[in-house]
Amino acid sequence: MTTTDAADTRSYPVGRVRSAVTGLTLIVLAPLVITGAINLQQFQKVYRAKVENELRGMIERHSLIVDSFIDDRLSDVRVIAREHPLERLAEPPFLRRVLSLLREEYHGAFVDLGLVNSEGVQVAYAGPFNLEMADYSSAAWFDDAMANESFISDVFAGLRGSPHFIITTQRVVEGELYLLKATIDFEAFNALVENIRIGRTGFAFIINLNGEFQTNPHFEVALNRPPYIDVLDGGLRSDRITVIDGEDLLGRPSIFTFAPLKQGRWLLCYQQELADAMDEVRQMSRLAIAALLIVSVGALAISLVMSGKLAVRLAAADHERTVMTHQVIETGRLASIGELAAGIAHEINNPVAIMVQEAGWIDDLLQDPDPASDDNLAEIQRAVGQIRTQGDRCKEITYKLLSFARKTDPSVRQVVLNDAVDEVIGLTSQKTRYANVRIATELQPNLPPIQASPTEIQQVLLNLVNNAIDAIERPGGTVTVVTRAEGDAVLLEVRDTGKGIPEANLARIFDPFFTTKPVGQGTGLGLSICYGIVDKAGGSITVESEIEQGTTFTVSFPRSKPSDGPPAATANEREGQ
Amino acid sequence: MIEPSVLVVDDEVQFVETLVKRLAKRGVKVSAAHSGQQALDVLAGSGATRTDVVILDVKMPGMDGLETLAAIKEQHPLVEVIMLTGHATVESAIEGMKRGAFDYLMKPCDLEVLMAKLNQAAVKKREHETKILEARATLISLRRGD
Chain A
1 MTTTDAADTR
11 SYPVGRVRSA
21 VTGLTLIVLA
31 PLVITGAINL
41 QQFQKVYRAK
51 VENELRGMIE
61 RHSLIVDSFI
71 DDRLSDVRVI
81 AREHPLERLA
91 EPPFLRRVLS
101 LLREEYHGAF
111 VDLGLVNSEG
121 VQVAYAGPFN
131 LEMADYSSAA
141 WFDDAMANES
151 FISDVFAGLR
161 GSPHFIITTQ
171 RVVEGELYLL
181 KATIDFEAFN
191 ALVENIRIGR
201 TGFAFIINLN
211 GEFQTNPHFE
221 VALNRPPYID
231 VLDGGLRSDR
241 ITVIDGEDLL
251 GRPSIFTFAP
261 LKQGRWLLCY
271 QQELADAMDE
281 VRQMSRLAIA
291 ALLIVSVGAL
301 AISLVMSGKL
311 AVRLAAADHE
321 RTVMTHQVIE
331 TGRLASIGEL
341 AAGIAHEINN
351 PVAIMVQEAG
361 WIDDLLQDPD
371 PASDDNLAEI
381 QRAVGQIRTQ
391 GDRCKEITYK
401 LLSFARKTDP
411 SVRQVVLNDA
421 VDEVIGLTSQ
431 KTRYANVRIA
441 TELQPNLPPI
451 QASPTEIQQV
461 LLNLVNNAID
471 AIERPGGTVT
481 VVTRAEGDAV
491 LLEVRDTGKG
501 IPEANLARIF
511 DPFFTTKPVG
521 QGTGLGLSIC
531 YGIVDKAGGS
541 ITVESEIEQG
551 TTFTVSFPRS
561 KPSDGPPAAT
571 ANEREGQ
Chain B
1001 MIEPSVLVVD
1011 DEVQFVETLV
1021 KRLAKRGVKV
1031 SAAHSGQQAL
1041 DVLAGSGATR
1051 TDVVILDVKM
1061 PGMDGLETLA
1071 AIKEQHPLVE
1081 VIMLTGHATV
1091 ESAIEGMKRG
1101 AFDYLMKPCD
1111 LEVLMAKLNQ
1121 AAVKKREHET
1131 KILEARATLI
1141 SLRRGD
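Residue numbers (this note's numbering), protein chains in the order written: chain A, 1 to 577; chain B, 1001 to 1146.
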């Protein structure tokens, strides 16, 4: 295993695991967010209803207060008009006393008192202004006051030039009609309404049906815009409390409330920015969003950290597995070499024995009385030649063995199966010779190459051929190795005429450590390793067997595309390593 | 010092040839065979009496060393056999000794050691033959009633 491989196996799952875990976290968080949003919306609706209810209650209460304030003042004036004889009411000192009494009682709500005759002339007056004998016959309120037993005017500037409104009540004495008129202090009345303030932006004011302000609004209001214009046009019912949404002068969404006063002749208006009215909801949603954010960020952070750890652990496991697989393959390969070793040792031992023998023979000859005789020299020359020949034989065998025993190289390149078959058959020739097995090959010329590790393919072949040779118990069997291209696949067949595999074992032959060989002779890893290697190369391995007839292993590799990898190293390159 | 008569059996022709030359130089009567079957043929042809010791390679194609040993012991029980083995086949040599081989030698072997073992084996064989002859003589004299 190279460092690059290790780095690859580690970096590869980290990103994958992390994104998987993050995705999972988001999936878990999504319902939370959705539920939160729905809850918030629902809460907003409920709260909106609550706000509306409160507004209705508030405005109703205040309209009652205003109405009763006006009614009480009217009753006061009526009581005074009924209680006292007209002569007394016409005496300014008496009026002054009554006025001061009223002012004491009602904290200055009353400004002045006056008695007006049917011609509109104020015959008696008590108050801060000099209005005795003032003529009201042409005043806007005079006709109404004459027509009604009691009358409450709109707010107007009048003769004195400051806003006020008046209350009148009739008193008939001997067919003559008089009006007792009281002026209500605008400031006192205005304070009643102006003090209605809720939140930052809520304020109240009174208008009459002509669209004239009866009290000062705290903020600027345009009565020629909806919803006021709608109310004044009668588009909205003004005889009961109404709550509607709209926009204020600056276009901010606001909530408007209207309540009728004075039997519908005035309107108590209340206006508040929606955001202000729903401030609690806003704070609540802010809190909820903050909580959700904290939870989400926390969950994401935890999942990222955990996934990082998980990924590292997975990578470690992956790495371990790769190393393990590699070790298993390595072990299997060494086992295969072990099986070969007996044959190879003998093969090497034979030339060595010959060399020793020849050297001994030269020794013998040199001890002759006449070692330099022509015969002896020729014999010595022959012996030396023989030693050289046998030495070459040894070299060839060791190279063959080394080319296989060299550490496996898992790097993938183009492999031509035919070359691998030739190599492996060369390697097993000794074994087949002593086992009296004939090896036949049917190799398709110009076989397309496959993509695999050459050493691993060599191992697959060696395992299959070794097994095939072992399967043949009686002398004279044949192992046939076939290669051929079929469609997009390159097939390798190893066929033997051996004892066959019992059906009960067929399903298990690719299992690791399954072996039928005597203890110490087989690791049970050979076929399982073959399976792993072939699988890794994208191929498949199948087996057909008939008892006493033989077994055929068929390996199918995908044909390599021309663009894939470098061609296999030549035999010379390998020997050089 | 007896002069043993030896048969060398090995599938390595070159090995056999040189060994034969060296043994011959030491006054040993040597013949050669390159397979188990050939060895049996030589023994059958020349008569077991003419061969004292067979030097037999354990690992040969066709009939291997152990099979050949069994055949020799069956057909020519008096002939002594020295097994010749490589490192990997010492077990076979031990097995061979259990089945009646005189001794074994590991390849490549020192010729002097081989000579010593050949002589011991030949002596043993000759003693065997002598004992058999004596036994026969005793038997004959018993029959004669001396």
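Simulated from the structure, these hints should not be mistaken for laboratory data. Certain hints may be false.
[Claimed, not checked] Now the in silico label distances, taken between C-beta atoms and shown as ranges: (1) A:T516 x B:L1142: 54 to 60 Å; (2) B:G1062 x A:M324: 50 to 56 Å; (3) B:V1013 x A:D375: 36 to 42 Å; (4) B:V1013 x A:N446: 38 to 44 Å; (5) B:R1136 x A:T516: 49 to 55 Å; (6) B:E1112 x A:D374: 26 to 32 Å; (7) B:E1112 x A:D375: 56 to 62 Å; (8) B:A1135 x A:P369: 24 to 30 Å; (9) A:A359 x B:E1129: 33 to 39 Å; (10) A:L443 x B:E1129: 56 to 62 Å; (11) A:A359 x B:V1013: 16 to 22 Å; (12) A:S373 x B:T1130: 17 to 23 Å; (13) A:D374 x B:T1130: 40 to 46 Å.
[Unchecked claim] Incomplete in silico selection of chain A near chain B, CB under 10 Å: (14) Q122; (15) V243; (16) P351; (17) I354; (18) Q357; (19) D364; (20) A435; (21) N436; (22) A471; (23) P475.
Positions of the beta carbon are idealized from the N, C-alpha and C atoms, including for glycine.
Beta-carbon spacing of B:V1013 to A:N446 - inside the hinted bounds 38 to 44 Å or not: Distance hint for B:V1013, A:N446 holds at roughly 39 Å.
Distance restraint hint 16 to 22 Å, applied to the beta-carbon atoms of A:A359 and B:V1013: holds (18 Å)
Range agreement (Cβ of B:L1142 with Cβ of A:T516, hint 54 to 60 Å): Holds: the Cβ-Cβ distance is about 59 Å, inside 54 to 60 Å.
Hint check: 10 Å Cβ-Cβ cutoff, A:N436 to chain B: holds (7 Å)
Range hint compliance [Cβ, A:S373 to B:T1130, 17 to 23 Å]: violated (41 Å)
Per-residue hint verdict: A:I354, partner chain B, C-beta under 10 Å: Constraint on A:I354 satisfied, holds at 5 Å.
Distance restraint hint 40 to 46 Å, applied to the beta-carbon atoms of A:D374 and B:T1130: Cβ of A:D374 to Cβ of B:T1130: about 45 Å, so the range 40 to 46 Å holds.
CB-CB spacing for A:P369 and B:A1135 relative to the 24 to 30 Å hint: violated (46 Å)
Distance restraint evaluation - B:E1112, A:D374, Cβ atoms, bounds 26 to 32 Å: holds (28 Å)
Evaluation of the interface hint that places A:D364 against chain B, nearest CB under 10 Å: With a closest approach of 5 Å, the A:D364 hint holds.
A:P475 as chain B interface residue, shortest Cβ-Cβ below 10 Å: holds (8 Å)
A:M324 and B:G1062 - C-beta distance against the hinted 50 to 56 Å: Cβ of B:G1062 to Cβ of A:M324: about 44 Å, so the range 50 to 56 Å is violated.
Checked against the numbered hints listed earlier, the structure breaks hints 2, 3, 7, 8, 12, 14, 15, 22; every other hint is satisfied.
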